[in-house]
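Colleague: Go ahead and model the full structure; you've got the sequences and the hints to work with.
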Amino acid sequence: MRKRMLLTAGLVPVTLALAACSGGSSDSTESGPGKIELSYWLWDANQQPGYEQCAADFTAANPDITIAFQQYAWDDYWTKLTASFVGGSAPDVFTDHLAKYADFAAQKQIVPLDDLIAQDDFDTTVFAEGLVDPWKFIDGKTFGIPKDWDTTAFFYNADMIKDAGYSDEDLAGLDWNPDDGGTFEKLVAHLTVDKNGVRGDEPGFDKGAVAVYGIGINPSYDVTGQMQWANFTGSLPFDSLDKNPWGTHYNLDDPEFQKTIAWFYGLSDKGYMPKSGEFTDETPAQIGSGKVAIGTNGDWASSQFFGLDGVNVGVFAAPVGPSGERASIFNGLADSISASSKHQAEAWKWVQYLGSTACQDVVAGEGTVFPAIPSSTEKALQTFADKGWPVQAFYSYVESGHTFLPPITEHSGEIGDLVTPALQGIHLGQQPASSLTGVNDQVNEILGG
Amino acid sequence: MSILTPLRRGAADRSAPRRPRFRGATRDLPLAIAFILPATIGFGVFLVWPTIRGIWLSFTDYSVFQPGKFVGLDNYTTMLADPVFWSSMRTTVYYVVLNIAVQTLVALVLAVLLSRLTASLWVRGIVLTPYLVSNVVTALLWLLLLDYQLGIVNELLEWVGIGRQSFWGNPHLVVPTIAMVNVWRHVGYTSLLIFAGLQTISPQVYEAAKVDGASEWSMFWRITLPLLRPYLAMVLIVTSIGSFQVFDTVSVATQGGPANASNVIQYYIYNVAFSRYDFGYASAMSVALLVVLSVITVAQYRLSRAGHSDTN
Chain A
1 MRKRMLLTAG LVPVTLALAA CSGGSSDSTE SGPGKIELSY WLWDANQQPG YEQCAADFTA
61 ANPDITIAFQ QYAWDDYWTK LTASFVGGSA PDVFTDHLAK YADFAAQKQI VPLDDLIAQD
121 DFDTTVFAEG LVDPWKFIDG KTFGIPKDWD TTAFFYNADM IKDAGYSDED LAGLDWNPDD
181 GGTFEKLVAH LTVDKNGVRG DEPGFDKGAV AVYGIGINPS YDVTGQMQWA NFTGSLPFDS
241 LDKNPWGTHY NLDDPEFQKT IAWFYGLSDK GYMPKSGEFT DETPAQIGSG KVAIGTNGDW
301 ASSQFFGLDG VNVGVFAAPV GPSGERASIF NGLADSISAS SKHQAEAWKW VQYLGSTACQ
361 DVVAGEGTVF PAIPSSTEKA LQTFADKGWP VQAFYSYVES GHTFLPPITE HSGEIGDLVT
421 PALQGIHLGQ QPASSLTGVN DQVNEILGG
Chain B
1 MSILTPLRRG AADRSAPRRP RFRGATRDLP LAIAFILPAT IGFGVFLVWP TIRGIWLSFT
61 DYSVFQPGKF VGLDNYTTML ADPVFWSSMR TTVYYVVLNI AVQTLVALVL AVLLSRLTAS
121 LWVRGIVLTP YLVSNVVTAL LWLLLLDYQL GIVNELLEWV GIGRQSFWGN PHLVVPTIAM
181 VNVWRHVGYT SLLIFAGLQT ISPQVYEAAK VDGASEWSMF WRITLPLLRP YLAMVLIVTS
241 IGSFQVFDTV SVATQGGPAN ASNVIQYYIY NVAFSRYDFG YASAMSVALL VVLSVITVAQ
301 YRLSRAGHSD TN
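For the record, the sequence lines run as chains A and B.
According to my numbering, the first sequence is numbered sequentially starting from 1.
According to my numbering, the second sequence is numbered sequentially starting from 1.
Hints are computed from structural coordinates only; laboratory data are not their basis.
Beta carbons: idealized from backbone N, C-alpha and C, even for Gly.
Errors might be hidden in some of the hints.
Label pairs and their calculated CB-CB ranges [to be verified]: (1) A:Pro255 - B:Leu303: 51 to 57 Å; (2) A:Asp179 - B:Leu80: 50 to 56 Å; (3) A:Trp74 - B:Gly163: 45 to 51 Å; (4) B:Leu105 - A:Gln53: 57 to 63 Å; (5) A:Pro255 - B:Leu80: 43 to 49 Å; (6) B:Leu117 - A:Asp159: 57 to 63 Å; (7) B:Pro176 - A:Asp309: 49 to 55 Å; (8) B:Gly163 - A:Gly307: 31 to 37 Å; (9) B:Gly163 - A:Gln344: 55 to 61 Å; (10) B:Gly163 - A:Gly204: 46 to 52 Å; (11) B:Asp74 - A:Asp175: 49 to 55 Å; (12) A:Gln53 - B:Ser134: 33 to 39 Å.
As a list, the in silico DSSO-like pairs of lysine-lysine whose alpha-carbon atoms are at most 30 Å apart [as the list claims (entries may be wrong)]: (13) A:Lys186 - A:Lys275; (14) A:Lys35 - A:Lys259; (15) B:Lys210 - A:Lys141; (16) B:Lys69 - A:Lys342; (17) A:Lys108 - B:Lys69; (18) A:Lys35 - A:Lys162; (19) A:Lys136 - B:Lys210; (20) A:Lys207 - A:Lys136; (21) A:Lys195 - A:Lys162; (22) A:Lys100 - B:Lys69.
Modeller: Laid out in structure tokens, this is it:
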């Protein structure tokens, strides 16, 4: 008994690995003679109905191929996906992210699409500018077919904004700097209200008993900053990487960047923003709870915000920063094909269809995201307008302003394991923002730059 | 199983003189092998072989997708220089100390109460119920109960004037929180193990003590604890090993956060293996954990003289 326990002790991780490995065959199954079922994964539940319609249309044209959807929330999605690669049960086709795909490409878990593109004369020039190139891996091969693009802005509780005496013009004219936060911080301070009804910029404000926070925070401490501070750092004379994509040197030691990080997480110390751990949900739930006035999120979350019960929601674009421009990460999702898929030809057919005007128009009609094909984007804008959702803010960066890619490098998983706890540690007040200099050295060591 | 062994041994001893030992042993041999074989095959395939393979992998840069090549002690030097590994180890030890100390104390009290005060099977059943809930469900349940915004526990704390606590989000509270959630789940099971040990103490000993005028309190210290020691030792060893392998609660509730505050060693190993694909390094850390647990088990066994009972 004792010996057995001794052995069992250290074994769990190994047996766990073994159990996962024995998962066996790919997720796709044969259903009937000649019929093929492709598995397709995505993380955004809002988008599933649109793509299910695409799948129905696709099956109508290709009766031998059906699509089985699987949706997991963002965090679970990547855990499941990486484990499924290890276990050999990866989906045939899945929605991929710029900040993640390099690791899969490097491990040869997704297939390069260039030969297929050439073989079928698939036209990649139909996609909006700047959407295809980031999907070319370090070796120059393409690993994803674009499906949509997104930017981030600030959703707000319109009644709170009105009570605070701000007009739409005021919101459009906000500015920001890392020293005193500019008129943006003034807005946030004014929107913050303590339990006695005293506003954050009034004397006697009790930051220990806040009833409504001026600004919420997504619990996503990513190196991209997309869900937290990228709208601010993007308006600095600052770039995360020496070159993007495929930079080998991060610049997290930049003093202006660190000043911005300190300012941003410092909003919690002032009582204007929830502390780390107060909200485990993202900003839609925070604004929905009535305890938060404004919050960062992407256009993909529009339906969640505008669907909130009893809350009037609006959107404004990021404030103009020291660079003189508004800024947002411009991120595009794409579909990738797993190397382990037993139905490469069918998977490619489905990916082509996902990247076609026919499917993108269907997605546009759902009013969830901006499709990758410009003519479909126009239709999506129309859908949003028909629903009465003012999403112009998300589009405004593209028309005038600064858009930039999330940092795309190799070893993003390992880098995230270093940077995420460091950022959260700063928010928790465990370390100063200057601690990022040490983290930056470690990150650059991983990248060899 | 170990709890019952002394009883069985007693039974065997009584029947032993009836027939010669040797003949009985040979006659039972085929049957014994038949009984042992399935477990032995499982033991070999699922325990011995993975352990050997795991130890081998720890000397390679195996990534599942590409066959690993031998890298000597590289993974081990990486480990010694990895601050996250050491902080994970410290976090785990902190968790185990909290978890085992509270769990064993509460379980002991509970077991004594069960055996001295009530014979109700119903009450014994109630004590075991949290153990019937899966780890994942337990974690989800407490995630909700202790939620900063919506958790009923925080509503209560605010009502009594203590104020809301970020149980899962405060780096100082998160490990105690996980430890107590797992105490909640395991304490009933642990107390039943101890309870089974208590059952082996002959009531005559207590009766004799009572005749001599001993109080319940001194009977606990002079009779119950010394006679229970081998069982307690076994319980401590089993629960400590289980405690070192805490994973589910962390994976469901905190994912190692906030800021690595609950990044216990098993979770870190999992993360390195399944999201960074660095199975070589993950195996090296598993081997380190194996060594640590072996040392702890041997030490506990020796210190508590678990092989000897005071009645012998």
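Colleague: Taking the hints in turn, state whether each one holds.
Modeller: Status of the hints after comparison with the structure:
1. A hinted range of 51 to 57 Å for the beta carbons of Pro255 of chain A and Leu303 of chain B is consistent with their spacing of about 55 Å.
2. The given range of 50 to 56 Å is broken by Asp179 of chain A and Leu80 of chain B, whose C-beta atoms sit roughly 43 Å from each other.
3. Checking the proposed 45 to 51 Å range against Trp74 of chain A and Gly163 of chain B shows it is violated: the Cβ atoms sit about 31 Å from each other.
4. Distance hint for Leu105 of chain B and Gln53 of chain A: a CB-CB separation of about 59 Å, consistent with the stated range 57 to 63 Å.
5. The supplied range of 43 to 49 Å is broken by Pro255 of chain A and Leu80 of chain B, whose beta-carbon atoms lie about 34 Å from each other.
6. Take Leu117 of chain B and Asp159 of chain A: their Cβ atoms lie about 59 Å apart, and the range 57 to 63 Å holds.
7. At about 37 Å, the CB distance of Pro176 of chain B to Asp309 of chain A disagrees with the hint of 49 to 55 Å.
8. Separated by about 33 Å at the C-beta atoms, Gly163 of chain B and Gly307 of chain A satisfy the suggested range of 31 to 37 Å.
9. Against the hinted window of 55 to 61 Å, the Cβ-Cβ separation of Gly163 of chain B and Gln344 of chain A comes to about 58 Å, which satisfies the hint.
10. At roughly 20 Å, the beta-carbon separation of Gly163 of chain B and Gly204 of chain A lies outside the given 46 to 52 Å, and the hint is violated.
11. Asp74 of chain B and Asp175 of chain A have their C-beta atoms about 52 Å apart, which keeps the hinted 49 to 55 Å range intact.
12. A hinted range of 33 to 39 Å for the beta carbons of Gln53 of chain A and Ser134 of chain B is consistent with their spacing of about 37 Å.
13. With a C-alpha separation of about 19 Å, the suggested pairing of Lys186 of chain A with Lys275 of chain A holds against the 30 Å cut-off.
14. A C-alpha spacing of about 58 Å is found between Lys35 of chain A and Lys259 of chain A, which places the hinted pair above 30 Å, so the restraint is violated.
15. Annotation: proposed proximity of Lys210 of chain B to Lys141 of chain A is violated, straight-line Cα distance about 85 Å (limit 30 Å).
16. Between Lys69 of chain B and Lys342 of chain A the alpha-carbon distance is near 28 Å, which keeps this suggested pair within the 30 Å criterion.
17. A C-alpha spacing of about 18 Å is found between Lys108 of chain A and Lys69 of chain B, which places the hinted pair at or below 30 Å, so the restraint holds.
18. Annotation: proposed proximity of Lys35 of chain A to Lys162 of chain A is violated, straight-line Cα distance about 58 Å (limit 30 Å).
19. A hinted pair counts as satisfied when its Cα atoms are at most 30 Å apart, and Lys136 of chain A with Lys210 of chain B does not qualify at roughly 84 Å.
20. For the hint linking Lys207 of chain A to Lys136 of chain A, the alpha-carbon distance of about 48 Å lies beyond 30 Å, and the restraint is violated.
21. Restraint check for Lys195 of chain A and Lys162 of chain A: the C-alpha separation of about 19 Å stays at or below 30 Å, so the hint holds.
22. Among the hinted pairs, Lys100 of chain A with Lys69 of chain B is consistent with the structure: their alpha-carbon atoms are about 26 Å apart, no more than 30 Å.
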